[in-house]
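A.B. asks: Both chains are given apart, each in its own frame, so use the hints to dock them into the complex.
Chains A and B are the protein sequences, given in the same order. Residue numbering for the first sequence is 1280 to 1421, as defined by our numbering. Residue numbering for the second sequence is 3 to 481, as defined by our numbering.
What the hints contain is simulated information worked out from the structure, not anything from laboratory work. Backbone N, C-alpha and C define an ideal beta-carbon position, used for all residues, glycine too. Careful: at least some of the hints might be erroneous.
Stated by the list, open to error - Just the calculated beta-carbon pair ranges, DEER-fashion:
id : chain 1 : residue 1 : chain 2 : residue 2 : range
1  : B       : Thr370    : A       : Lys1390   : 57 to 67 Å
2  : B       : His43     : A       : Asp1387   : 42 to 52 Å
3  : A       : Asp1337   : B       : Phe416    : 27 to 37 Å
4  : B       : Asn30     : A       : Asn1340   : 50 to 60 Å
5  : B       : Glu168    : A       : Lys1390   : 32 to 42 Å
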Amino acid sequence: MKRRQFITLAGIGTGLLILPPILYTTSPSLRKYASKLILDELYYLKINPKEVEQYVEDYFNASGNNMMVNLKWKSYYFLRLNAEKSNQILELIKYFLLSSDFFIHKTDESKPVSYLGLYNPYKSPIPNPYSFVLYPSETPNT
Amino acid sequence: MKYDHYDLIVVGTGFASTFFLKKYLEKNRSVKKILVLERGHLFPHAERLKIKKGEHSDFSKFDEPWEKAIINKNPEKRWPFTTGFGGCSNCWWGCTPRFMPSDFKMKTLFGVADDWPVSYEDLDRYYYEAEELMSISGPEDTPFPRKGKYPLPPHNFTAVDKILNEKYGNKYISQPTARASRSTKGRNACFANSTCDICPANAKFTVENSSIGVYENEQIELVYGAQVYSLLTAGGIARKVNYVKDGKDCQISGEVIILGANPIFNTNILLNSGDKNRFTGKGFGEQLGMQVLIYLDNLKNTGGSTWVNANGYMLYDGTHRKDYAACLIETNNAPYYIRLERGKWLNMASFRMLFEDLPLDSNYITTTENRLVPEVNFNTRSDYTLKAIENMKKTLPDILSCLPVEKLKYLDPFPNEGHIIGGTRMGLSAADSVVDKNMIHHQYRNVFVLGAGSFTTFSASNPTLTLAALSLYSADNSF
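Chain B extracted, bound-state conformation (with noise of 0.2 Å):
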């Protein structure tokens, strides 16, 4: 270490990090000591792709499996994510719609658990700000307030989503993604392959790839292989924080502490330095995703530029969210969904189906005797969820009766969405949450709790673009 006490000292290196970073890098014009923990190392996508190739890379060694990371107490529900600079961004599949303003207000709107602390015009310019930094592709008619255009424009329909897009106008979008339609700084464009946790074009935005340009910041001393695990709190104010690094304890003292982390270590550093917020770790999950296959009569699916071509909102927002959950289409362009009847290949469209769920007590995640290893147990679905599946199935014949379908096959739901939710949610006091609308934790001051764990309801819609604006709303509004 440079210093013996840092002004900032951020754990992590991803989304919810790197766009705090950003912000407050910007905001702050004196000379900061900054230190930066990351767990894992620099694993260059370069490195991963050959790995996929099915060649040597030196830098295999460096890949960690998330199942050896934590214990997963229901080995029914994976929880996968990336370690290592740049974390999930690393894996993720670049989905980027905004969440509805619905979203924000669903104790008032719909009598569902609580609102959220932010609304959506508090976050309406860090979401325009975090769609710039990431270059996303999407189109200008949205069913989300939004003026103007994107960064890159819209992906290409496929002659499915053109029919749908027709009859449903801004219920029926070019998917907002950050899968670049058109090459950009620092990435190519996609070719719809379709892989797309380590993109074969390097067309999706990773931290990475950016050009952001945070770490290259000469205010910031950034250490690898350093496995936060708690912090050191006294007087409601964490003093330092504790990590291992090289197999020893080691401890540094910062003035304000960020946790980027995910939402699972993130509860793992809170629970291990005595928070005794009710909340912390409670109501973890994500939403539920399950697959319908769409079989077409004389209709090819062709056409489609990337892997999620469109999402739908037809069974999205409504008063019907009193009774069950909202569902997010996302229309897949996958090239495994092929059918082998003569003439009929590519006569298939695919919906995944996304089910917001709630934050549930008995979905929580804990500590272990090993205090770098956290504990996860997700035992519950809501009933809320549970009945919107099955108005869905109900529902989505008539929705597609614009498209020529011979018959729907639903699919199991997939064991994971990649969208680690909830653990340390948001809301107004320490009576109904464990971070406020500044992602500050209630009883430690100086402590920011970022990502998808301060959510204070799921949403269906993907919640990494929200993450990365309330990143950029909290460094701004808190510094």
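Isolated chain A (complex conformation) (with noise of 0.2 Å):
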């Protein structure tokens, strides 16, 4: 890890001083910064803004959200973490994918992708992405 990097997130872990309070105050709100990181990770991915921004809504919305969750996204943005760096930014991506018609598609790079609601196995009509449902087995076991 960067020294630079490895003092910004003591800074997080002790408070959050160590980046200017003028970050917090007049940023744009956190779902932005959510947004962004999924759009930046999945750059070669055909993702309607809108869609993405829908997704982050439904996301914090089921997943509660106060000032700290606030200040820890907007925190990840500016510190350039991504997927590999974070579990969050990771489950947020992983399950935006999830979410989405992208494994419906078998992973076709060529074709948008589109939000289809929260991935729940009891409401929504994704199915799991590894299964047989979208990948039929040719050779029955015995």
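C.D. replies: Here it is as structure tokens:
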């Protein structure tokens, strides 16, 4: 980890004192940063930003939200953390893909990716991306 | 109550009680008075689904959080279970491998813990019967002795499973499971949703969808909301059952008492009854489970048709069990383990490694001032188990050498496996155990103590099929 990033992360851990306070008061909302993180990570897919924003709205409404959560996500973006470095970002982006038609289209990058509602096996039409529903077996087991 | 005295009083309506009653009713042609006391209520699957969908259900008042039913002294360790009609058949995930023959002979073969007083051969026919009653899906070739086809065909392999099955043969098989591979009586086919606690497709066997027909039998009187906390004993016999219903103390007399609650509550009932056996409540625990993520190069792990697609036995049996524990591999088909690297989204396999543990005295169940609420003390994992984890980490790369593995990631052990075992272990006499091979209490000879609490040792395999087979065995050999 680079020293500068380490210092900044340490600041987050000790009360968010090191990032300039102006960042928290003048920047757009947390949800915008979460959306940016998704679009940055999945830059190679055809995703309508409005649909990502809707996903982020649903995601945070479902998982709870408060000021500390806002600050945390804003920090992720300013620190240039990505899915490889942060489990929470990884979860956010993974869950977006699971909540879209990306796997229904068998990961075809050429097709536009649409958000279908939060992934939920009890409510949404999206199957397990690994499953036989999308990849039927050609040779049954014995 | 219809009567003052019953031929049989059964506590609980989960797997243990249901399979016992199935066999008991088959064997006893004369009319019997049978009372079943269930602490919870019927909370139908359709109503549980409503709650999962965020809808209102009038039955939600019957949902009893397990955390409130016991005092758990170790918050790092969890013991999820479901109360109410059908017990843990409502929340189990439907994995039904048989135990290996060696699991019953740990002392003889490996010099570890104790042998069971029953053998694999003793249970064999009851395994078949339980598999039939649950319409198990599974393969023909298994690592444990078994002839013929399972009631339903096996689930589909993934691309990864096919490679491992080709290399390891019957040491890597489609998992025998109560998640139906085809629609069957009362159940739909599994859609690999991987949220099996409340199955979205109603593909998993439960007591409610079982069509076993036990509780519809006119000899049985089923009473809900009756929480049993002790037995009134005299002269080595249990005479009456004490329970609370609607906030009132109640008592009913019976000829034979069947404790079919989970191991925590069976133990609580015995200890509240004055059971002085030194093993009662001791040696409680479950297997240790941990996940290994297998990052694959240019190989999608697709095509599986259920949650646990396969079982691997490559780390299970052998002379190593003299030194460290058996490990059963469960190959998961879980949607949340996807990757984000471009082009590699589905190049991931995940193994859940299940390690057997030993019944240690330091892990125990005891009573509290509240007679209805037992206390669970889980303090120690055995060195036998911990050593097996280290061995697995050394050995797994070689086992997986037939796959294009990029890297392995070992996750922390899970806080629970949902396999509550021990507390009323089975053995030859009161000098080594609580119950005999028919699960009859050594001291109270008209009390049966059913379920996984009776397991002499834990095995690495999921316990439900074996506890169901033991219930059939007990009823068949006792009446």
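A.B. asks: Holds or violated: the 57 to 67 Å window for the beta-carbon distance between Thr370(B) and Lys1390(A)?
C.D. replies: holds, 59 Å
A.B. asks: Look at the Cβ atoms of His43(B) and Asp1387(A) and judge whether their distance stays inside 42 to 52 Å.
C.D. replies: holds, 49 Å
A.B. asks: Between Glu168(B) and Lys1390(A), does the beta-carbon spacing fit 32 to 42 Å?
C.D. replies: holds, 34 Å
A.B. asks: Do the beta carbons of Asn30(B) and Asn1340(A) sit within 50 to 60 Å of each other?
C.D. replies: holds, 57 Å
A.B. asks: Okay, Asp1337(A) versus Phe416(B) on CB: inside 27 to 37 Å?
C.D. replies: Holds - the Cβ-Cβ distance for Asp1337(A) and Phe416(B), about 28 Å, lies within 27 to 37 Å.
Hint violations for this structure: none, all hints satisfied.
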